[in-house]
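Asks: These protein sequences, in sequence, are chains A and B.
By our numbering, the letter at position 161 of the first sequence is numbered 161, and the numbering carries on one by one without gaps.
So the number in our numbering is just where the residue sits in the second sequence, counting from 1, plus 162.
Hints in this document: simulated from the structure, not taken from any laboratory.
Being a predicted model, the structure only gives us computed values, none of them experimental.
A hint or two may mislead.
Some, not all, of what chain B presents toward chain A, calculated at C-beta under 8 Å [claimed, not checked]:
#, residue
1, Pro-178
2, Leu-180
3, Gly-183
4, Ile-875
Even glycine gets a Cβ: it sits at the ideal position worked out from N, Cα and C.
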Amino acid sequence: MTTTLPITLTVNGQPYQRSVEPRLLLSDFLRHELGLTGTHVGCEHGVCGACTVLVDGAAVRSCLLFAVQANGREVRTVEGLGSVEALHPLQAAFREAHALQCGFCTPGFLMSLLPFLEENPDPDDQQIRAALSGNLCRCTGYQKIVEAVRLAAATLRGAGGA
Amino acid sequence: MATRLFGAPIRRREDPQLLTGQALFVDDVELPGMLHAAFLRSDFAHARLGEIHTEAARALPGVVAIYTAEDLGEYWQPGPLLVPPPPIDGALFHARTQVPLAKDKVRHVGEPLAIVIAESRYVAEDAVEQMWAEMEPLGVAVDLEAALSAEAPKVHDDLPSNLAAHVVQQKGDYEAVVGRAAAVIRRRFHYDHGTAAAMENRGVVAHWDAKAGQMEIWDTTQAPIPIRNGLAAMLGLSESQVRVVAPFIGGGFGPKIMMFYPEEVLLPWISMRLNRPIKWIEDRRENFYATTHERGQIHDAEIAVDAEGKILGVQDFFLHDVGAYSTYGLTVPINSQCTLLGPYNVPDYRSEFKAVFTHKTMVTPYRGAGRQHGVFVMERLLDLAARRLGIDRVEIRRRNFIPKDAFPHDHGIIYQDFRSLVYDSGDYEPALDKAVAGIGYGDFVRRGSEPEADGKLRGLGLACYVEGTGIGPYEGARITVEPGGTVRVATGIGTQGQGHYTSFAQIVADQLGVGVEAVRVVTGDTREFYWGAGTFASRGAVVAGNACHAAAVQVRRKVLKAASEALEAAEEDLELVDGQVRVKGVPGSSIALGELAARANPLRGAVQPGTEPGLEATDYFGPDRGSTASGVHAMIVAVDPATLGVEIERYLVVHDCGKVINPLILAGQIEGGVAQGIGNAFYEQLIYDAEGQLLNASFMDYLLPTATDVPPIESDHVETPSPLNPLGVKGAGEAGAIPVGAVFAQAVEDALRRAGHGVELLEIPLSPDRLFHLLHGSGEGEP
Numbered sequence: 001m002t003t004t005l006p007i008t009l010t011v012n013g014q015p016y017q018r019s020v021e022p023r024l025l026l027s028d029f030l031r032h033e034l035g036l037t038g039t040h041v042g043c044e045h046g047v048c049g050a051c052t053v054l055v056d057g058a059a060v061r062s063c064l065l066f067a068v069q070a071n072g073r074e075v076r077t078v079e080g081l082g083s084v085e086a087l088h089p090l091q092a093a094f095r096e097a098h099a100l101q102c103g104f105c106t107p108g109f110l111m112s113l114l115p116f117l118e119e120n121p122d123p124d125d126q127q128i129r130a131a132l133s134g135n136l137c138r139c140t141g142y143q144k145i146v147e148a149v150r151l152a153a154a155t156l157r158g159a160g161g162a
Numbered sequence: 163m164a165t166r167l168f169g170a171p172i173r174r175r176e177d178p179q180l181l182t183g184q185a186l187f188v189d190d191v192e193l194p195g196m197l198h199a200a201f202l203r204s205d206f207a208h209a210r211l212g213e214i215h216t217e218a219a220r221a222l223p224g225v226v227a228i229y230t231a232e233d234l235g236e237y238w239q240p241g242p243l244l245v246p247p248p249p250i251d252g253a254l255f256h257a258r259t260q261v262p263l264a265k266d267k268v269r270h271v272g273e274p275l276a277i278v279i280a281e282s283r284y285v286a287e288d289a290v291e292q293m294w295a296e297m298e299p300l301g302v303a304v305d306l307e308a309a310l311s312a313e314a315p316k317v318h319d320d321l322p323s324n325l326a327a328h329v330v331q332q333k334g335d336y337e338a339v340v341g342r343a344a345a346v347i348r349r350r351f352h353y354d355h356g357t358a359a360a361m362e363n364r365g366v367v368a369h370w371d372a373k374a375g376q377m378e379i380w381d382t383t384q385a386p387i388p389i390r391n392g393l394a395a396m397l398g399l400s401e402s403q404v405r406v407v408a409p410f411i412g413g414g415f416g417p418k419i420m421m422f423y424p425e426e427v428l429l430p431w432i433s434m435r436l437n438r439p440i441k442w443i444e445d446r447r448e449n450f451y452a453t454t455h456e457r458g459q460i461h462d463a464e465i466a467v468d469a470e471g472k473i474l475g476v477q478d479f480f481l482h483d484v485g486a487y488s489t490y491g492l493t494v495p496i497n498s499q500c501t502l503l504g505p506y507n508v509p510d511y512r513s514e515f516k517a518v519f520t521h522k523t524m525v526t527p528y529r530g531a532g533r534q535h536g537v538f539v540m541e542r543l544l545d546l547a548a549r550r551l552g553i554d555r556v557e558i559r560r561r562n563f564i565p566k567d568a569f570p571h572d573h574g575i576i577y578q579d580f581r582s583l584v585y586d587s588g589d590y591e592p593a594l595d596k597a598v599a600g601i602g603y604g605d606f607v608r609r610g611s612e613p614e615a616d617g618k619l620r621g622l623g624l625a626c627y628v629e630g631t632g633i634g635p636y637e638g639a640r641i642t643v644e645p646g647g648t649v650r651v652a653t654g655i656g657t658q659g660q661g662h663y664t665s666f667a668q669i670v671a672d673q674l675g676v677g678v679e680a681v682r683v684v685t686g687d688t689r690e691f692y693w694g695a696g697t698f699a700s701r702g703a704v705v706a707g708n709a710c711h712a713a714a715v716q717v718r719r720k721v722l723k724a725a726s727e728a729l730e731a732a733e734e735d736l737e738l739v740d741g742q743v744r745v746k747g748v749p750g751s752s753i754a755l756g757e758l759a760a761r762a763n764p765l766r767g768a769v770q771p772g773t774e775p776g777l778e779a780t781d782y783f784g785p786d787r788g789s790t791a792s793g794v795h796a797m798i799v800a801v802d803p804a805t806l807g808v809e810i811e812r813y814l815v816v817h818d819c820g821k822v823i824n825p826l827i828l829a830g831q832i833e834g835g836v837a838q839g840i841g842n843a844f845y846e847q848l849i850y851d852a853e854g855q856l857l858n859a860s861f862m863d864y865l866l867p868t869a870t871d872v873p874p875i876e877s878d879h880v881e882t883p884s885p886l887n888p889l890g891v892k893g894a895g896e897a898g899a900i901p902v903g904a905v906f907a908q909a910v911e912d913a914l915r916r917a918g919h920g921v922e923l924l925e926i927p928l929s930p931d932r933l934f935h936l937l938h939g940s941g942e943g944e945p
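Produce the entire structure from the sequences given, and follow the hints as far as they go.
Replies: Have a look at this one:
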């Protein structure tokens with residue numbers, strides 16, 4: 001009975017074609033249709049930032065987008081960063097600095113930080129904190145996330161960017 | 163032994179999975195044929211419940227079933243009392259526990275009325291929108307004091323009033339010391355509280371496999387084993403037929419140990435009826451209404467001091483808001499009552515509280531669990547006493563510390579673990595000295611009230627506290643050396659980000675001479691370990707950590723015995739290094755742990771008489787009583803005199819949690835706790851209107867601290883090992899959050915006083931808005 005619309009998009013470099021209800025959230029599409037459960041849902045009203053993904057390179061809240069709005073776009077999720085065996089420098093910095101505890105908010109932080117570090121390869125603490133302020137973390141108190149960003153920025157500068 | 167891993171800042175073993183999106187959280191569980199649940203919840207705080215109209219909802223395609231209280235038949239039962247009241251003489255306690263679905267009456271907004279099961283969550287929510295309940299609104303008891311009056315609408319009709327508990331604890335004779343006091347200071351303190359707001363909401367997946375006769379439940383619980391035991395009993399199954407898994411949990415902080423939430427009672431039962439797996443994931447709005455809170459207290463407290471500022475006695479009478487149900491017993495108010503005493507010698511103490519039912523979400527422990535309320539009252543009383551007597555505020559604390567040679571120190575009252583409140587060990591002056599030096603107290607005080615160049619008002623706050631941690635009853639661990647050389651550790655507690663996969667591995671690795679990468683820790687799966695209580699009261703490292711240690715010691719013994727036979731060497735000549743057992747000083751004479759494990763499980767012949775197969779041991783640890791952590795926090799704030807916006811310029815923690823297992827993980831616990839304390843002190847407050855409606859049930863209206871609100875946190879440590887456990891550890895999970903309100907109020911008050919405002923800050927939270935009202939008067943006398 002429900003109307004569905006066809007969409008075509010790329011997620012982490014892989015093309016997908018699906019038929020979805022217009023009301024299906026992008027977060028639910030990624031998690032439950034594609035099985036990419038690394039993107040987490042914390043509030044579903046755009047405040048906590050846990051569901052942040054990249055759409056055409058920009059960090060967006062996947063709980064505030066419908067899947068159909070991602071039609072024709074390139075989406076990148078945390079699964080598109082490094083792997084357990086070979087962490088991305090940003091992920092490695094989070095581990096090194098103990099920038100995560102329960103880890104639920106972490107994928108959102110990582111995806112928010114990717115474009116930030118591309119635009120700001122050598123940020124100061126104030127810039128880092130401003131960049132983090134759109135993501136909520138209830139475990140760490142943020143200090144070690146700030147340290148991780150500093151560390152990642154240094155690594156990425158050395159490696160010539162993300 | 164080679165380099166000791168205990169005490170080293172080992173990077174966490176669980177991080178790569180979490181960082182790459184490969185860690186399993188409850189909402190990540192996908193099962194074939196899985197159905198989805200959504201709830202119809204009460205819009206009223208107090209109402210008589212009539213018929214629930216479900217016809218339109220049932221007609222929606224994709225709706226599989228709808229259940230109301232009547233449909234549950236015999237299964238509908240109020241939940242068990244989770245914590246009975248401690249054995250305190252004369253204590254009155256009324257146990258009234260939550261129900262799976264409301265019947266006849268609702269007692270708080272968000273109480274579930276009906277559950278819809280559908281093919282998708284979207285359809286389930288469509289169905290909820292098509293349902294409505296006939297409800298007759300009744301008067302509400304929202305205000306804590308008014309709820310106790312004779313005219314107040316009752317939360318539980320069968321009780322004479324809304325009084326849920328009345329407890330008096332005392333030692334000495336407070337009345338007698340008042341006459342000797344140089345000063346008696348009496349004030350009223352308000353301490354409101356918010357919600358834990360873990361980033362992951364609650365969730366349950368229940369899967370009944372009728373052919374296997376097995377129930378599998380994934381649950382965002384902090385206590386999988388008690389959930390297994392309780393649900394097996396409710397469902398009429400053997401405990402062995404029920405497996406509860408608490409996989410990676412996105413933050414706990416207390417409310418996820420409440421049991422049994424209606425949702426986790428309903429889903430397994432319905433799964434058995436429908437023969438399908440069912441998932442329910444709480445949304446954030448539900449989390450505000452349906453996950454437990456920690457609510458406010460009002461204290462009328464007084465302190466009697468002599469001319470030198472020595473405490474003669476303290477008297478406190480307080481009201482504690484329990485919300486609609488008292489399932490968690492008296493843990494929170496007893497914590498307030500006991501923790502008020504802090505690191506101080508209080509010869510005479512009289513503390514009386516009344517716990518009060520209100521038409522609000524149930525109250526259970528949230529990080530700190532009432533301890534911050536007690537600390538706030540005591541620290542503020544000491545500040546006021548110091549000012550009255552003209553004594554420096556650091557000095558008055560120092561004069562009243564329990565001296566380091568007076569441990570164990572018995573306070574003579576009963577703590578939340580039912581044992582007498584005895585501090586096991588402590589040494590408070592070094593921590594105070596470090597805090598005073600670290601925050602630059604002397605310089606700050608000398609600067610006096612010189613105007614600041616930027617026009618800001620600066621103030622300093624400093625407060626002391628203790629925290630009863632690591633209470634019983636017990637936890638256990640089973641350790642197995644596998645033939646491949648992997649050391650498997652299974653324990654019953656769940657983990658919500660505390661780094662157990664790493665810290666427990668460190669403890670075990672030291673005993674068995676392996677690296678942490680060789681140790682695989684499993685927590686939170688009842689199929690892996692049968693016995694245990696859960697993760698709460700800052701007890702994981704203390705109780706489960708020592709259980710891991712005890713089991714590892716036993717396995718080490720077995721390894722040495724087996725290696726002694728294999729290598730034909732005396733046990734005392736052997737050492738465990740790099741996954742090998744070696745004969746000291748004899749290169750080449752060694753055997754791998756895995757090889758020993760293989761030999762201990764022979765395929766032919768028999769194990770030696772009197773021995774068991776495998777290099778495996780299970781052991782338990784149950785502390786006699788909790789171990790007492792302590793600390794001093796200090797902060798410097800800058801207050802904008804125009805907006806009363808407060809910025810924390812420095813925050814310092816000096817903390818004593820005994821022996822430190824992993825300083826990196828410890829720092830994370832402290833920093834995160836402080837951040838929650840800052841939220842609590844600044845602006846986290848659940849705001850109810852007169853009708854019992856929660857007005858700020860979203861992250862847009864209920865503000866959590868962000869990276870721009872939480873300052874860098876400096877920390878330092880003092881180490882007085884606990885004599886109550888072999889590792890000498892004390893808990894650290896809640897310490898960061900406990901004294902922040904007291905420090906914050908003192909610092910802001912200090913800043914305002916320097917500018918000539920004679921205000922006393924006797925309440926938490928203190929938002930800029932509230933500070934403005936307090937300073938300029940608004941007719942809003944009560945918070």
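Asks: Does each hint fit the structure? Answer for all of them.
Replies: Here's how the hints hold up against the structure:
1. Pro-178: Since chain A brings a Cβ to about 4 Å from Pro-178/B, closer than 8 Å, the hint holds.
2. Leu-180: Check passed: Cβ of Leu-180/B comes within 3 Å of chain A, closer than 8 Å.
3. Gly-183: 2 Å, holds
4. Ile-875: 6 Å, holds
The structure meets every hint from the earlier list without exception.
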